[in-house]
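Residue numbers (the working numbering), protein chains in the order written: chain A, 373 to 1191; chain B, 442 to 665.
Calculated from the structure, these hints are not laboratory results.
Backbone N, C-alpha and C define an ideal beta-carbon position, used for all residues, glycine too.
Any given hint could be a false lead.
[Stated by the list, open to error] Listed next, with one range per pair, are the computed distances between beta-carbon atoms:
(1) B:585 to A:652: 47 to 55 angstroms
(2) B:631 to A:712: 35 to 43 angstroms
(3) B:631 to A:652: 18 to 26 angstroms
(4) A:675 to B:623: 58 to 66 angstroms
(5) A:395 to B:504: 37 to 45 angstroms
(6) B:504 to A:377: 39 to 47 angstroms
(7) A:675 to B:514: 55 to 63 angstroms
(8) B:631 to A:663: 27 to 35 angstroms
(9) B:521 to A:1067: 33 to 41 angstroms
(10) A:655 to B:504: 55 to 63 angstroms
(11) B:585 to A:655: 25 to 33 angstroms
(12) B:623 to A:806: 49 to 57 angstroms
[Said to hold, decoys possible] With a straight-line cut-off of 20 angstroms between C-alpha atoms, the simulated EDC-like cross-links for lysine to aspartate or glutamate are:
(13) A:1044 to A:1028
(14) A:732 to B:503
(15) A:732 to B:631
(16) B:604 to B:631
(17) A:882 to A:864
(18) B:604 to B:563
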Amino acid sequence: MTRTLWVLAVLFSHWRRHPMQFATLAIGLVSAVALWSGVQALNQQARASYDRAAAAFGGVRTATLVSTNGGTFPQQLFVALRRAGWPVSPVLEGRIQVDGRSFRLLGIDPVTLPTEAGDRPPIGGELQGFVLPPGQTRLAPETMAELGASEGASLEASNDMKLPPLRLAAQLAPGVMVVDIGVAQRLLKMPNQVSRLLVGKSKGPRASLDKVVGDRLRLVKPTAETDLERLTDSFHLNLTAFGLLSFFVGLFIVNSAIGLAFEQRLPILRTLRACGVSSRQLNTVLLLELVFFALIAGLVGMAVGYLIAAALLPDVAASLRGLYGAQIPGQLSLSPQWWLAGLLISVLGALLAATASLLKAGRLSVLASAQPQAWRQEQRRWVMLQGIAALAVFATAFGFLWFGDSLLAGFAVLAAILLGAALALPLLLELVLAAGEYQARGALAAWFWADSRQQLSGLSLALMALLLALSVNVGVGTMVESFSRTFVNWLDARLAADIYINAADDAQAKAITAWLRERRDVIAILPGGRAETQFAGAPLEIFGLPDNATYRDRWPLLQSADDAWTRLQKGEAAFASEQLARRSRLSLGDVIEVPTPHGGWTIRIVGIYADYGNPKAQIAVNFDALAGHFPDIPRTRIGLRANQAAVPRLMSDLREKFGLDDHSLIDQATLKAESKRIFNRTFSVTAALNAFTLAVAGIALLTSLLTLGNSRLPQLAPLWAIGITRRKLAAIELLKTMSVALLTALLALPLGLLVAWCLIAIVNVKAFGWQLPFHVFPLQLAELLAVAMVASLVAAAIPVLRLARLQPTALIKVFADER
Amino acid sequence: MARDKEIMLSVRNLTKAYSAAGERVSVLRGVNLIVAAGERVALTGESGSGKSTLLHLIAGLDRADGGEIDFAGTSTAGLSEAGLAALRRDRLGLVFQQFNLIPSLNVRDNLAFQSRIAGRHDVAWQAELAQRLGLTPLLDRYPEQLSGGQQQRVAIGRALAVKPLLLLADEPTGNLDETTADGVMALTRDLVAQTGCGLLMVTHSNRLAAMLDRHVNLTAGLIA
C-alpha cells in the first residue's frame, strides 16, 4: 500500500510541475461531464414533470375504461360496473378558463380512487375538506403562482361559476386543477357525465365487461410511457445526441492530454520500472490516478453542468410548452441518481479516453518505453489502423442507412459518419502533408511540411475535435436555416385569418358572430373547431376548415388530388397531415375510418399538408361535416378576415364589447411573432450546445498546442541556431497550425452538409414526421469557416507568442542537454 | 576474482540477438561472468560490443535468448516480470548515463524514492549519503536546476540509499567532464566500499576502469 502511495505521489508530482497539462486534462474532463450532465439534468427535469402529469389521476400508468366513441359517457355505467365487482373510479376531465388562462380540470372521486392512481388526498380531515362543501381546488404551486392567488382564495371561472377554495398540492403537475367529480360536472356543465373510469387492482370475482356495459366502453391497459413522453422522445433524443457529442468532444481533449502526458512521462515510467516498480503495479497506479482525477473533475463538471442546465432550462421549458404543451417547472431539482450517473460517466469517459495510452504503456517494454521514437512509430501505425477503422465505420453507416428504418438508426448513421470522418482525418492530413513535402522546393519549405507531419500525431486529436464540432455546426446550422426558411413561408400561408378569437363558450361565440356580421370592415367570418378521436390506436385530431376562398387560395398542400377542395366541401374527404401520412403510410386516395359519437366516419384522403410543430396526428375536414359528426365540439374558435386598416379598431372593439383578453383575442402578426419566437427558442438550446461544442474544440486545440509547445523546442532550436529568428520561427509555427486547421475546416464543410442531409432526410422525418427542402447557405458556410479560423488563430496565438518571446537561454538549454 | 568470496552474480553462456533491418544481429554470443560479493568490476568494450545489453539483462530490464543469470543464488530466468521488478527494487541499484532522475521530484525525494518503495527508507543513511555526495545544500532543488555532475550524484545516492547487494552502473560518467567524472567515480568507489555492495560498471575509460578491482573486456559479444 505504501509503495502504491509513493508511486502515486511521483505521478502526481508530474502534474504539479506541469500545471498547463493538468489544466488540459481537467478542462477536458470537466467540459465532457458538464455538457453531458447538463443535458441529462434537463431531460430528467422534463421526465419528472411528465411523471407528475402522468400521475394526475388516471394517467396512462393506471388501467382505464373509456368510451369507444372517444367522448364522455353516463355515470350510470360507473354504478353498474361497481355493482358487478369492478373496482372502478370515475374521472371527468375538461378545460376551464380562469383569468383568461386555460387549465386542465380534473374531477375525481377520492373515496373510490385506486391507490395506484396516485395523488389521492389523504383519508381523514383532508378527504372531508375535499368532498364536503365548499370543497377544494387542488393545484400545484406553479399554477398558484401563475394565478397570483393564495391558498383559500375562491376564483371565478370564465363561465361565471365559482371554483372551490384553492389548496396547494405539491405533487400535482402545473396547469392542472383537481376538484371533486360533482364539482367538476357542475363547472363543466356536464351533469352525470364521466370521461373515463380508473380500474384498480381486482380483489374479487367480477362480471365480464361486455356483459355489464356492452360495447360502450373499452379497456385501455396501462403503459410505461405517457403520451407526453412519446411525443417528446424525439426532442429529448436530439438533446441527448448533442450532449453525447459534446461529451465525446470533451473526451478528445482528455485523450489528447493523457496521450501527451504519457509521452512526457515515459522517462519517469522507465525510471520507476528500473527502480523496481512492476508493470502491473505501475498500470494499477496509473489507473488509480485517472479514477481519482475523474471523480474530482466529475464533481466540478456536474456543478458546471447544473449551471448550464439552469441557464438553458427556460428555453427548453418554453420549447416543450410551445411544441407539446408540456409544463416544465422553472427550477431544477436533481436526484441522487443524476449525481451518481455523472460520476460514473466521468470515470468511464476518462477510462475510455485513456484506454489507448494505458494499453500502449502496458505493452511497451522498459527499454522501448524510454525511446520517444518508438512512441512515434507506434503513432504512425495507429494512423494507419485508424484509417482502416474509418473504412469499417463508414461501411457500418451505409449498413444502417440501407437497412435501418428508425430514429435510432438515423442517429447511428449520423454517429458513424462523424466517427468515421474523425478517424480518417489524421490519414487524410498525413497524405496532404506528404504531398506538400514531395512538392516542396527549398530547405525551409521541405522542413515546414516534414515538421507539420511530425507534429500531426500530437495535434490530430484536437483536430478531430475541431472537425466534429465544425461539421456538426455546419450540419445543424444548415438544417435550422432550411427549417427556418420553410417554416416562415409555411406560416405566412397557413395563418390565413387576420384575427383569431377563442370565445369562452358557445354562447359567447354566437354573440360575437352575430355582432361581427353587422360590421362592414369584416370580410369573412371563418368558424373553426377541433375534435379528438382515435385512428390506428393512436389519438387523432380532426380540424374543421370552413368552406371559404381564403383557405382554397392560401392553405399550403404538399400533395393534392384533382378537385381536392371541392371534394373536401362535400364532407367525405380529408387532408392528412404529413406526420400522419408518414406514420400511417397514407397516400392520396386511401380511405380511413374514424370513430365518432354516431359511429364510424369513412373519409378519403385527397390532400397532404405540412403541419410543422404539431406532434399530433391530424386530419383537416370541412367544418360543417365535422360539426355534423361531432355535434358536441365547442364552436368557440373564430377566424376573421378584415381590412388591414380596420384590424386594430376591430380588436379594440371586440375587447371592449366582449371582455376578451390577450389569450382569447390575437391578431395574425402577434400569432406569427409568437410562433417564430417558439421556433427560435426551440433551436436556441441547439445553438447554445453548438457554441459550447465549438468552444470546447477551440480549447482542445489551444491546450494541445500549449502542451506541444514545450516539446517542440528540440525541433526549433537547430533552426534558430542556424540563423532563423525567433519571430520568424513563431510565424512559421503559426502558419503550420493555421494550415492544418484550414485543411480540417475545409474537410468539415462537405462533412457538415452530409450531416445536414442526414438530419433533414433521416432524423427529422423519423423524429417529427416531416421532411424539409434541403438548402445550402454559402454565406453561412463562409461565416463558420471564418469562425473556425479565428478560433484556431486564438488557440495558436498564445503558444506562438510564447515562442516569439522565448529567451535564448531556453533554446541554448536544448543543446546543453544534448551533451 | 576472489575465489574464496561468496559469488554474488554468475552469468553463464548468455546470448542475445536483435532484429535490425530484417536481419538477426547477435549482440551477446555466450557471455560468462562472475562477480563476487563486494567486488568492483569494470566492463569495457567498443561501442556496440553489447556492454549495455549485458547490464540490462543482469538488471532484468530485458530477457536473454539463452544462458543463465544467477543473482545471490537465485536464477533470474524463472522470475516473473514482478519478480524481476522486486529484484531491482530490493537488491540492485541502477545508475544510467542519462541520470534518469524523476524531474518532478526534488533532490530529497529523488534520493529517497527507491528506498521508500522498497520499504527500507533510512533517514540517517540518506542524510549521510546526501552529506557524502555534497547534496545537502541542494535537497530542495529540482533536477533541471542541477549540473550534470550533481544530477549523477543524486542518481548514485538514490541507488545506494536502498543498500543494494550490487550496483549496476551504465557509463555513469559518460556525460561528465574529466574532473567531475573523477570526483563522482571516487565517491562511488568509497560509498560502495562503505556499504559492502558489489559494483559492475560499464565504461569506455580505461583510466576509470583501472580504479576498480577487476577489469573485463567485452569484444564481439564475448568476454575476453
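Now the hints, each set against the structure:
1. B:585 to A:652: 47 to 55 angstroms: 31 angstroms, violated
2. B:631 to A:712: 35 to 43 angstroms: 60 angstroms, violated
3. B:631 to A:652: 18 to 26 angstroms: 37 angstroms, violated
4. A:675 to B:623: 58 to 66 angstroms: 60 angstroms Cβ-Cβ, so the 58 to 66 angstroms window holds.
5. A:395 to B:504: 37 to 45 angstroms: About 40 angstroms separates the Cβ atoms of residue 395 of chain A and residue 504 of chain B, which means 37 to 45 angstroms holds.
6. B:504 to A:377: 39 to 47 angstroms: Violated - the Cβ-Cβ distance for residue 504 of chain B and residue 377 of chain A, about 30 angstroms, lies outside 39 to 47 angstroms.
7. A:675 to B:514: 55 to 63 angstroms: Cβ of residue 675 of chain A to Cβ of residue 514 of chain B: about 59 angstroms, so the range 55 to 63 angstroms holds.
8. B:631 to A:663: 27 to 35 angstroms: Violated, since residue 631 of chain B and residue 663 of chain A (Cβ atoms, about 46 angstroms apart) do not stay within the stated range.
9. B:521 to A:1067: 33 to 41 angstroms: 49 angstroms, violated
10. A:655 to B:504: 55 to 63 angstroms: This hint is violated: roughly 19 angstroms between Cβ atoms.
11. B:585 to A:655: 25 to 33 angstroms: This hint holds: roughly 27 angstroms between Cβ atoms.
12. B:623 to A:806: 49 to 57 angstroms: 51 angstroms, holds
13. A:1044 to A:1028: 24 angstroms, violated
14. A:732 to B:503: 18 angstroms, holds
15. A:732 to B:631: 41 angstroms, violated
16. B:604 to B:631: 14 angstroms, holds
17. A:882 to A:864: Judged against 20 angstroms, a Cα distance of about 28 angstroms means the pair is violated.
18. B:604 to B:563: At roughly 10 angstroms apart (the allowed maximum being 20 angstroms), residue 563 of chain B and residue 604 of chain B satisfy the hint.
Comparing the model with each numbered hint stated earlier shows that hints 1, 2, 3, 6, 8, 9, 10, 13, 15, 17 do not hold.
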